[in-house]
Every structure is written in C-alpha cells, then in structure tokens.
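If you read the sequences in order, they're chains A and B.
Going letter by letter, the first sequence gives residues 1 to 308 in my numbering.
Going letter by letter, the second sequence gives residues 309 to 594 in my numbering.
Calculated directly from the structure, the hints in this document are not laboratory data.
Hints may be right or wrong, so weigh each one.
The calculated lysine to any residue pairs, modelled on SDA-like cross-linking and capped at a C-alpha distance of 20 Å, are [as the list claims (entries may be wrong)]:
no.: 1; chain 1: A; residue 1: Lys-15; chain 2: B; residue 2: Leu-452
no.: 2; chain 1: A; residue 1: Lys-15; chain 2: B; residue 2: Arg-453
no.: 3; chain 1: A; residue 1: Lys-266; chain 2: A; residue 2: Ala-300
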Amino acid sequence: MRRAFVESLCLLAEKDPRIVFLTGDLGYGVFDDFIARFGPRYINAGIAEAQLVCAAAGLAKEGYRPLVYSIASFMTGRPFELIRISIAYAGLPVIVVGAGGGYCYANSGVTHHAAEDLALMSLLPGMTVTAPGDPGEVRALLPQLAALPGPSYVRIGKFGEPSYASDEPVVVGQARWLRQGTRGVTLVTTGDLAVPALEAADKVQRERGWSPTVVQFHTVKPLDEAALGRLAQDTHTLFVAEEVCPQGGLAAAITEWMVRTGTRMKFRRLGPPDAFVLGNPRLETVRKKFGYNAVALFEACLAAVTPA
Amino acid sequence: MKQAATEATTAMSVAELEQMARRIRASCIQMAQDGKEGHLSSSLAYVDAVTALYFGWLRLDPARPDDPERDRFILSKGHGCTALYATLAARGFLPRRILKEYNQEFGPLPNHSCRHALPLLEMSAGSLGQGLGVATGIAYGLRLRGSTARVAVVLGDGECNEGSVWEAAMFAAAQHLGNVLAVVDYNGIQAVGRSDEIMGHTALEEKFRSFGWNAWNVDGTRMADLLAVLAQVPVVNGQPSVIVARTRMGVSFMENDVVWHYRKPSEEEVRRALAELQARPLQGDE
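Sequences and hints are given; from them, build the entire structure.
This is the structure we're talking about:
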C-alpha cells in the first residue's frame, strides 16, 4: 500500500499543481521521486506533528491541497486537537495520512500502535475517514480524497500487501461487495482485514461448498447506511472484522445503526480489545491472539451455519 | 513576482495613530461592558501594536478584503479579539456599529474569533499555539506561487508556553520564511499569574534570535518606536522577524493586575477608563 500511495501521490501531483506533501521526517528514500519532480511541493517539517498540521492548514487556506504524513499513532493522536481546530473546524481540504495504522507496527510496541486512529478521526465533524484494504483501493481513493471540499483521513498499511479483485468500483463513501455469498453469513471488513476475510471465504467455499458475503468498508465515515440496509436483506449473521479499538470504529458505527434502525441480525465483532498490547508481538500474532485472523474468520463463518 | 495590490497603510501621523489607539481601547472597554465578557487585558495591551500594523504596515484595502495579494493578519490569541474587531472597524473593514454586537449569541463577533461568524478573518482562534504554525503554512504557500504578500501574526507571551509555537519558529527559520512577522504581546500577565514566574526568565527575543529569527524588543506602548521597527521588516536576510512588544493596558487603574484577564468593568470603571483615555468608543460613530 505504501508503494501505491507514493505512486498515486506522484500521479496526483503531476495533474494537480495544488498538491503539496508534508512529512514529519518519515519515509527515508520513499519520496525521492516526488522530491526530484516537485521540489518545493515536498516539505519535511521535522519531527513536529503540531507544525505539520498547522502548516498544512495554512497551505490549504491559500488554495493548496496538502497531505500530511507520519506514522498513524503520531499523526492522529499527538496533534489531535490541532487537527480538530486548524483543519476540521476550519473545514480545510487537508488529507491526513496515517502510515502503519492499526497494529501494523505491532512489533515496535505500544508507542507505535494505532488502533485508535479511525476512532479519533471519526470523532471530528466533517472528516471523511478511510482505510483502504489493498494497493488498488489506495490508488482509487487518493484522487477522490484530494477532490473533496473538506478534510479526510486515510490509513495506509506497509509495503507488499496483496491485491484483490472486484467488479465494483472504489467510490469514497460506498461499501464494496468483494464476494456475494449464499447462506446469509456476511463478513464486513475495513482496512486490510479484507484480505483475511477473502482468504476465509475461499476456504469456506473450498471445504464446505458455500461462501459468505464479503463487503469492504474502505470508508468508515460517512457510514454507507444504504449498503447496510442492502446487506441486511439477505444476512442473518453479520461479522465485522476490524483492527480498531472497540469504541468508535466500524463495528461501533454499525451497531449504532442497527439499534437506531431496528435492524435485527446476529452480530459479532472480531477485533482487538480495549487494552494496550504488550510484549511487542508481530502483527500476525496479535490477530491470532485476539481472534480476527483468517482462521478465526473461517471458524466464525462455520459456526454461523452449524450451531453448536 | 506579483506585486502587492495595495500599498501599505494610511497616511496618518504618529499623533493621529496614538489617538486612534485610544479610541480602539475605549471601544474594547465598551465591548467588554456591553458583551458582559472579560479578557480585557488580553485586548487592551496589544492595541498600539495592532494599530501600528493595520495603519502602518499591512498592505490592505478595505474595498477588496479578498484580494489574493493582500497581506494576511492572524490573531493567534483569539481571546483578545475585541482589539482586532475594533481595529477592523477603525480601518474600514467592518461597520463601526457592529461592535455593539460583541459576544451576542449567534452574532458576528464572538468572544473567541470565529471565521464562520466573521468570514473576513483569516482564521478562527481560541486554542493557543496554532496561529504561528498556520501563518508559516500561508507564508510558504504565498512564496510557492510567487506572491510578495506577507503574513503578520500576534501571539501572547503566555501563549509562548505552548511547544507548538516553537515548532513553528523552527520551521519558519528552516524554510527562510522572510515573509513572516510575529508580534508577541509581552504584557507579562497570563491567566493565573505573571509570565516570568510561570515559565522562568522568558527573554523571548533571545529565544527567537537563537532560533534564527530577526528579533526586536520594543516598548510596545510607544507608537513611534513600533513604526520604526516595522519599517525594518521584512529584513533582507530572508529570515522571519519577531517584535517582542512590552505592552501595557493603557488604563492606569487596570495596569499590572491579573484580575483584568477575567473581570468585566463596572459602569463606574468604564466611565473612569474612558475619561482617562479621553476617547470615544468607535461604536458610537455613525
């Protein structure tokens, strides 16, 4: 996803002279092409997230379309109040980029964990919040975010995530059906959990001859309520797989919608708990331990059609 | 390079500017009483500086407030907004009678400046430590498109407690933003005490200088001194500039008292203050 981000950033900057990129002293070597081609439209503001946010706000006020970039935990948590005031309250079109959201940097410890990023950004009025699941979604979403009149957040992962295919286009604000299933079981995902969800769906198809529906919410806010209404029509059991804290993520938004609309489905969230993850585990270990990797999703699907 | 569309300033004499500053002070005091909202010290102290900026340095045209080549003014200490409102009215950007609407619910002049209420403002404020950072972004953007417009920002001395001010100060120097001018309202008083006691020996001009800025320490109550320093900005070395203005409220019985950060003046105090200033509030003009 990181590669896709840099390439789409360059494409975007080529087409749109308003694009300015600000980094908080991160991305060694990654942006060399951008620097060579766009010179002063690359700004290293130093390890100074507050300044990153305020400078971007000033640039946006002058008609530019700035992107601010740092590790997701530092980019969202530390300057949260400055994003709230200088960007969101001002309604300025700044794209906040959180690299390595969720437990992408699990092994680096709690300082680098960003399970709150989507929740924090969703708290801000007018903020569009996205978590693409593969390089294709990054490429498709970035130009759309740059065209928005207001602020947005995009959580991007690391290098080398797999790509998946779907006939459905990637449209900001619209959930994307990656797989239409047959037995009333639906896996809803955000971020790169679409990948283990598709793995689980393939395994169910291979071993049991049916498939769950897989719907990817690359946009967490605004919530695609029309899509929820659509999927509720043929879903008896809904799983939401997310790498976000339990409060304020996709599952929380969907349960709020279910209660508000009186929609009844069996519901289970698969994701990390409200806890600091100690021990510097690897990402796969975190997902296994808390039961939201491909194996856990596969087992959840089976349990949904064969009650114990 | 694009030329600034409007030339600085007005042709007012120092004595006329001093009188205008007194009228702006009187207007602030009247607003505090009418709007039943304090923060008087936060406005009164920098009146001379903002008068000098608006009438003697900023290249602005009230007939064209959206001119892309206008100089930008940012009030970072948004709680001191009555001085800005009064100055905007004095300079012809706002009708003077509008000052009577200060601090009314859903009104145009809230007690922390808000761009949604008053779109004329460059930015909203009220949360400290953000104006200088935003100013550097504006300044970078202006340079990027070849504009010669400049950005002035007023900060409080208490506000300089915020680390983000110094992040912005480093950035402005590193990016050689000679089109940035910061004015620190060094009134020596912050919300619960004296600045020097709360943060130690402040020596703000030395701090900024060591960060790579052109820095001056001036008597912020002397119009002629303020204008003389402003005439040296921007400096040809291409670095940002800061004026640390040692300020006073300008009303004898309010000087040096933290209580005026909060206190609303009584009718008697308003009368005394206006008598001492020998100036009419602008909101009485038609």
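Evaluated hints:
no. : hint                  : result
1   : A/Lys-15 - B/Leu-452  : holds, 17 Å
2   : A/Lys-15 - B/Arg-453  : holds, 17 Å
3   : A/Lys-266 - A/Ala-300 : holds, 12 Å
In the structure shown, no violation is registered for any of the earlier numbered hints.
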